[in-house]
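Asks: Take a look at the letters that make up each chain.
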Amino acid sequence: MSQNQTVIPQEFNLPAGVRPVTGLDGIPCLELATQMTTLYWQTYGEQSRFFQALIEGRLIGAKCPQCQMVLVPPMTWNCPDCGFTDMEEVVLPHHGLLAATAPITIFPPAGQHGNAPYARGYVDVAVDVAKASFLPARLITTTGLPRPGIFVKGVKLKLVFKDEREGRITDIFWVPWDEIPEGLRDIEPLLASQLQFEDPKPPVIKRPFEEVFTAVRDLAVKAVRSPRAVENLKAVGTRRIGVWVGGGEFTLSIQNGCLEVKRVSDPGVDFVIQADDPNVFLKWANGGSLSDPAAEGSLWLPNTEAFGILPALDRVPRSVRRDEGEGKLSPES
Amino acid sequence: MNRVGIVGAGITECRSRWVEATYWKLFQMAVRAALEDAKMTAAELDAVVYGIYNDMFEHMAIPESALTGWISMGLKPGVRVTNGGATGFYAMRAAYMEVASGLSDIVLCVGGEKATDCFDPQSGTPTPAVVGVIAQSWDPFYEYPLGATASDSYMGKCMAYNDAYPGDIGDGLVRAQMIEMLCRQGNRNPFGQRRKETVTAEQVLASRWIIAPFLRLLEACMYTEGAGALIFANEQKTLEICQRTGRQPIWVKGVGAANEPYAVGRGSDNLMELPRIKSDHLAAYRAYEMAGVQPSDIQIVEVHDAFVAQLMITMGELGFVLMGKTRALIDDGVMADIQKLGDEGRPEPGQVLINPSGGLIFGGHFVGGSNMFSTWSAIREMRRRQVPLSLVHGTGAINAAYGGAMILELGEEVRA
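Chains A and B, in that order, are what the protein sequence lines are. Letter 112 of the first sequence, counting from 1, is numbered 112 in the UniProt record's numbering, and no numbers are missing. Letter 151 of the second sequence, counting from 1, is numbered 151 in the UniProt record's numbering, and no numbers are missing.
Don't take every hint at face value.
[As the list claims (entries may be wrong)] Now the in silico label distances, taken between C-beta atoms and shown as ranges:
1) A:Pro311 - B:Ala61: 33 to 39 Å
2) A:Gly167 - B:Pro166: 37 to 43 Å
3) A:Gln42 - B:Pro349: 53 to 59 Å
4) B:Gln386 - A:Val152: 45 to 51 Å
5) B:Gln386 - A:Asn78: 50 to 56 Å
6) B:Gly333 - A:Leu39: 53 to 59 Å
7) A:Gln10 - B:Gly333: 56 to 62 Å
[What the hints assert, rightly or not] Which chain A residues face chain B? A few, computed with CB under 7 Å, are given here:
8) Phe12
9) Gln42
10) Ala100
11) Thr101
12) Ala110
13) Lys153
Hints are computed from structural coordinates only; laboratory data are not their basis. Note that the structure is predicted; figures quoted are calculated from it, not measured. Positions of the beta carbon are idealized from the N, C-alpha and C atoms, including for glycine.
Only chain A is shown next, with the shape it has when bound in the complex (with noise of 0.2 Å):
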């Protein structure tokens, strides 16, 4: 049990209170601020045997004598194809295919705010009976963030456990099996602690990038200009993000509501995020967005901070435009 955390975070809240709204009839109305809120502690039942056993770092699955069913997680242990005869514990392997290739899920329900970017897929482990469920699994990689192309079907994958853990689903998640060190593949339970998930490696790139930086420069010396834009950076805070790109590299120094793009790479920078194809950036400066090339994989970003300021940078071009269509962009100074 957690000594510091609450199962509903303490800023989830609303003020009481009944407050004036008007809708599409433009009629005066009400609403109330009000929940409708229960609180568990959750039967595990049946369910025990499963979490003690990740607690004790094992993966257990239940199987049918008669039919030879394997369930992982064991969800019931009373076979349904069999007239409900008792199914009996079996220990399972540390590793499995992916069943189906799996969704990344990038705009979270509430309760998983920060979490976006994951992938979530089903695991099957009991490969070499006939009739196996397959596991509901959190898919993780060392190479930043989940993106297409990653969790396909097939793909082996290795099971890790937590170092800390109390029972929960969230105790192990999977690796893809060509990312483990060979030496620590046979490791059963391998523990989170013993990979290497920070600083992860960023792909080869290979491609110019001149037009690139001339069109985020460009963008940048706009942006400054720019009232909407000014508010979208402010919201970013204090950044600055190295950007590799098409051979080349440069920075972007976010401070004040001011976006600054410097050709030379910094030491200094919170993070990097890069793109082999520069078009990434070229489409970004002229209008687009680069939450959707995170999302189709084209861009890398190391981690869930830098997705974070995605939708804040997706609004700059568009405020610009805006602005500079209406007549509101400040004189070049």
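Could you slot chain B onto chain A? The hints should help.
Replies: The following block gives chain B in isolation, referenced to the frame of chain A:
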């Protein structure tokens, strides 16, 4: 089983939020519209079936209890149905069964939702809270803690389908063209939520990703507040009422349903098979068998389209196009173009009018009553186009586990 007709249908306007009305008022509006459609009074109704998807959206446990009196059904039997996204269909199935069995002569079936009062204080918007409530459809042990959502579960199905049948739903242009056509249809629905909106294929392709590579923002269904009501009657009452209204009767010719299991796996009927939406297939073919018809006999469908990629797969599962070749909907012109048909034209042989209401993407998606909304549209289109058969489809629950289909038939005019 006794023959059953649908004698009245009414829906509210679909809105993203009704600050002017609670769900009490929305349900009452729909019931009133259905009764006016059938030229009858609530006194003639024997019983009611309510479709309400969940208690959290309505902010009341036993939400139907508050409706009994306000929809003029005091002291009569009533039952609530809740079956995820397929709630509406299953409520219709329950109402159908009550009449078909002979237990009641005339049964009201009303469903709706007040979905967007939910509010997420962290983002300052309703959407993550709405998504969060729907995410509670997952179990608390395994799936919910992993951050499973409704859209990623349907996308998971689409991705598995794409693994099994590559080169079909992955063409964004085909999906975008379908959106453009659905939008034009939604523009003709006087109750549709996005009836004033114009969305082009180009705009679809430029909209942001929700889940790459099968779901952009403009490919997703809406959250809607609204309600829809249908009135089911036995053969004698159907003929009486149609004589009164002077309209051709609508007969329920086939009903089919199937629910896939929760846990995903292989080799057992008690485990869900990922690449298929088997529930859709089984439901539809059970309905075809009962009705004695083939998909090729049906030229109007109202399909539960949560997302366009899922709509394509469902059209394959229902047998209108081949699995793995559902892009024939656009490539071979299977999807009829409303621009050519106008308000009264019949689809050409080999063509199907798909979601003339605009579907759940443009028309509306008030979960507990979305399939009543679809039925209202199917009836309207059969009558104005004189098309003899239509199919209404519903799907729901995580991983599209629940499926239902109803075949409607346009009957002969009743003479006094």
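Asks: Using the Cβ atoms, figure out if Gln42 of chain A sits within 53 to 59 Å of Pro349 of chain B.
Replies: About 56 Å separates the Cβ atoms of Gln42 of chain A and Pro349 of chain B, which means 53 to 59 Å holds.
Asks: With 7 Å as the cut and Cβ atoms as the points, is Phe12 of chain A at the interface with chain B?
Replies: Cβ of Phe12 of chain A sits 6 Å from chain B, so the hint holds.
Asks: Regarding Pro311 of chain A and Ala61 of chain B, is the given constraint of 33 to 39 Å on their beta-carbon distance met?
Replies: For Pro311 of chain A and Ala61 of chain B the Cβ distance comes to about 37 Å; the hint holds.
Asks: So, as I understand it, the hint says Thr101 of chain A touches chain B; can you test that by seeing if any CB pair is closer than 7 Å?
Replies: Given a least distance of 4 Å, the restraint on Thr101 of chain A holds.
Asks: Let me know if the C-beta of Ala100 of chain A comes in closer than 7 Å to any C-beta of chain B, holds or violated.
Replies: Ala100 of chain A check passes; min Cβ-Cβ to chain B is 4 Å, inside 7 Å.
Asks: So does Gln10 of chain A sit 56 to 62 Å from Gly333 of chain B, Cβ to Cβ?
Replies: Given a distance of about 57 Å, which is inside 56 to 62 Å, the answer is holds.
Asks: Going by Cβ atoms only, is Ala110 of chain A closer than 7 Å to chain B?
Replies: holds, 4 Å
Asks: Under the criterion of a CB-CB separation shorter than 7 Å, is Gln42 of chain A in contact with chain B as hinted?
Replies: holds, 5 Å
Asks: Between Gln386 of chain B and Asn78 of chain A, does the beta-carbon spacing fit 50 to 56 Å?
Replies: Check passed, 55 Å falls within 50 to 56 Å.
Asks: Falls inside 37 to 43 Å, the C-beta gap from Gly167 of chain A to Pro166 of chain B?
Replies: holds, 40 Å
Asks: Was the hint right that Lys153 of chain A lines chain B, CB cutoff 7 Å?
Replies: holds, 4 Å
Asks: So does Gly333 of chain B sit 53 to 59 Å from Leu39 of chain A, Cβ to Cβ?
Replies: For Gly333 of chain B and Leu39 of chain A the Cβ distance comes to about 55 Å; the hint holds.
Violated hints: none; the structure is consistent with every hint.
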